[in-house]
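Novice: The chain contents come next:
Number of protein chains: 2
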Amino acid sequence: MYLRTLNSLEDAGTLMVSSRELAAPLGLNPAQVRKDIAYFGEFGRRGVGYNVARLRDHLAEILGMKTRRMVGIVGAGGHLGHALALHKGFEKRNFKVVALFDKDPRVIGQVLGENAIQHISELSETVKRLNIEILMLAVPATELNSVFDYILLSGITAVLNFAPVRLPSTDEICVHNVDLAVELEYLTFHLDRNSVVT
Amino acid sequence: MYLRTLNSLEDAGTLMVSSRELAAPLGLNPAQVRKDIAYFGEFGRRGVGYNVARLRDHLAEILGMKTRRMVGIVGAGGHLGHALALHKGFEKRNFKVVALFDKDPRVIGQVLGENAIQHISELSETVKRLNIEILMLAVPATELNSVFDYILLSGITAVLNFAPVRLPSTDEICVHNVDLAVELEYLTFHLDRNSVVT
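Those protein sequences? They're chains Z and B, same order as listed.
With numbering that gives the first Met the number 0, letter number 119 in the first sequence gets 118, and the count goes up by one each step, no holes.
With numbering that gives the first Met the number 0, letter number 86 in the second sequence gets 85, and the count goes up by one each step, no holes.
Every clue listed holds true.
Since the list gives no way to pick out one identical chain from another, each pair is judged satisfied if it fits inside one copy or across any two copies.
Listed below are the simulated SDA-like cross-link pairs for lysine to any residue, each with C-alpha atoms no more than 25 angstroms apart in a straight line:
1. K65 <-> E9
2. K34 <-> A23
3. K91 <-> D178
4. K127 <-> Y185
5. K102 <-> G112
6. K95 <-> H78
7. K127 <-> A180
8. K91 <-> G63
9. K127 <-> F188
10. K91 <-> L143
11. K65 <-> N176
12. K91 <-> S168
13. K95 <-> N176
For the record, the hints were derived by calculation from the structure and aren't laboratory data.
Being a predicted model, the structure only gives us computed values, none of them experimental.
Generate coordinates for the entire structure from the input sequences, incorporating the hints supplied.
Specialist: Shown next, in the form of structure tokens:
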């Protein structure tokens, strides 16, 4: 949450931030923020605040985000897969989409950005050859089972699932389920708070 | 976060949950969870835990999620817009996509699910007629400016932005920026922790 907030501040051109300004969007109190950040080292100066870029870089390094990660997309032939393959927001955050997969023969060979869609049966070999660490799953809920066997066999350990069906993590694979409805719920809460105020 | 966790538990068929089980995935301690939930009323029983469905329903009501909300999609002609228009995860969480918009004449009239794509110039009238409360923005970063004037004029107060460029909230419009790279970063942190353990 700190990293996300610092990313926003940096995008907006903010150079310094106080613990109070950092606390507000996160719903924390400034004392908690100062305590948390003190764990990472000496970053703030009383009355001056934190250097946004320096604190951001340090957190990113702790969280392992300075390393460039290779990413593959399963279900690249669908609309969401297309959108993810062409999404401009991953590369600047050190994620590089290097391979696309689908099981539909009609989309194999189709080029999106820098990559052509391969058949899912090539997943295992491609993951090893290109050092892919994370797979994004953009397949319909009904196809999850049929692709999951390929994923298990590929030896991949991290999966980002966009299907509206939660996949549990296993001992081998850490699954993070993206829940788009949660993003709408965030706004709902705001709508109601607003209507109370006005 | 509580609601999201309770949704997962309910999806998985869990009937009762202890403060300890609720605390673990959130990185909280059980005492904090008991304290938080006590604000909402008497839900838990010592040694028995919380009834998942009852607690979930109560939180959803507090957060204003029992009300069905009408949603529109701007940029429905693109791949992400298509994916959002056909996404199965919104309706069961009380969000109903009732209108689709784009500015590209070639996609106007195209039917996705229950709706046909309308020209963005019809936004204002349609928002009022269908009581749309939230707009999802699925336009390329370069098109954000050109659609934003239509959005301002429509009187809408809540926008979910999927473009990889942050839009600031204004006095009139609360913008929630979806950051897909953050979801990958979550997995990165896991990858590194894993490699320390093994």
